[in-house]
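First to last, the sequence lines map onto chains A and B.
All residue numbers for the first sequence refer to our numbering, where the first residue is 1 and numbers rise by one.
All residue numbers for the second sequence refer to our numbering, where the first residue is 1 and numbers rise by one.
What you were told as hints is all true, and nothing was included just to trick you.
Since the list gives no way to pick out one identical chain from another, each pair is judged satisfied if it fits inside one copy or across any two copies.
Straight line, CA to CA, 30 angstroms or less: simulated DSS-like cross-link-like pairs of lysine-lysine: (1) Lys27 - Lys51; (2) Lys14 - Lys44; (3) Lys141 - Lys27; (4) Lys201 - Lys155; (5) Lys174 - Lys155; (6) Lys70 - Lys141; (7) Lys155 - Lys137; (8) Lys137 - Lys27; (9) Lys261 - Lys13; (10) Lys27 - Lys70; (11) Lys51 - Lys230; (12) Lys70 - Lys44; (13) Lys84 - Lys70.
None of these hints come from the bench; they were simulated from the model.
None of these values were measured; they are calculated from a predicted model.
Chain residues, written in single-letter form:
There are 2 protein chains.
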Amino acid sequence: MSRSQLIEQIKRKKTFLCIGLDPDVEKIPAFLRDHADPVLEFNKRIIDATKDLCVAYKPNSAFYESRGIKGLQSLISTYNYLPKDCLSIIDAKRGDIGNTSDQYAQAFFNEEASGMGFDAITVTPYMGNDSVTPYLKYEGKWVIILALTSSAGSKDFQYLPTEGGHLYEAVIQKANTWASADRLMYVVGATKREEFTNIRKFAPDNFLLVPGVGAQGGSLEDVCKYGMTKDCGLLVNSSRGIIYASNGEDFAEAARAEALKLQQQMQAELEKAEVI
Amino acid sequence: MSRSQLIEQIKRKKTFLCIGLDPDVEKIPAFLRDHADPVLEFNKRIIDATKDLCVAYKPNSAFYESRGIKGLQSLISTYNYLPKDCLSIIDAKRGDIGNTSDQYAQAFFNEEASGMGFDAITVTPYMGNDSVTPYLKYEGKWVIILALTSSAGSKDFQYLPTEGGHLYEAVIQKANTWASADRLMYVVGATKREEFTNIRKFAPDNFLLVPGVGAQGGSLEDVCKYGMTKDCGLLVNSSRGIIYASNGEDFAEAARAEALKLQQQMQAELEKAEVI
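Isolated chain A (complex conformation) (with noise of 0.2 angstroms):
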């Protein structure tokens, strides 16, 4: 999907909502456990009670991963169940040198290779360049660096002081002169109000992926008042307080409800900022 595309379905959809698909196998409702693929038949209702209200889902590869081959084949069912009216973001978090870097974009850009073509996935900066350049050789896909995350252990280094500001600041201008902002996104914690006056600075046009409304405490009105653009430039991801809204049979609805508060909220914050 095309950064054009995006802001088409945006402002078709009115909202800028991303789902987080982090299915733990404990927390899936006790009577989906007799389907003979629990996390797939919980992701698709999921999935169909929500899909008019955002235009992103966003699975997280490693609650796949760690239930092995079973994993997998729930990551490949859902990826395939994905409404292609929505970008569908992998979120592997991966980084590594570049013919290292070629195999992951092959596991999750080249469909007929894995079984997954997704249109955009998470990378950490690390190592750098490499870490990022294989996955744009993939025409029309994004990829999505990690920046500023909302969690502990982002002052650990995001904050370190270098000559180029701190590191996330570092990390941002070097990795923009790689690749325009058709290609490339951020990853910026909602609960990093101050810093997205910031952030705009040297990324004025890019797509932020914004984890962190809701469970973890942002608040959505700041992450628009400072982060929003002309063209929106939000995606803003709810998980946990999407998916796991009930663990009773009303799960789907309930998750309906959550999504549809927050794609109010965001037509109301699209609006006051006249993107629609």
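Keeping the supplied structure of chain A fixed, place chain B upon it in accordance with the hints.
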């Protein structure tokens, strides 16, 4: 495998060689392609031919993930075939927030859940403490943190000057507050000769996993001169130089010949440093 067991194996086998199992399907000898799982067959023959000459095997997860379900099956079968007297390292370079790292730990350390119970995993440090501590809950398992890599992209961020020295130095200093040298190793590229002395200031006892000897141009002699400790303290990895030594029917013998050359050089270094 504990630190003392690893040191014992090094002294017994007179080697600190780690063999990287990065089987690119296109480079595997053609005559193996008729096997039900050519990658597994390739790995088994490499392992059979080299297991007395090395103390560790390191499958690179990307080379298996790139083939989807079939690739994961090859990885699990390869894991099951690894000799118990060798440290088994999964080169996965994962790194995420706590609840996600929990899932990755399960994927690679919890055999019951995923089919794989490696002794050690490579981890990328960008997200800090969160990326490491979930793995440490597994008694006796190792975390191997990327510090200074040998590829060109290492210059992008790892050498950035920060208040604690270069970023890679800050990473080592901080990570050493999270766990002891009984549980933590660091990846340091073999091409970084001049940095080994420096790294030993911050990590006097940690084992260093050293890729880049051979194909990438690093010198074993220099690595030992500047990086070896009284307990050896080094695992030197070779992947392509060994596993692709020949692409004919003699590939396993050719791999053995290359591994033997390294083992003999390593034995001389261990004797010179009076480790054995």
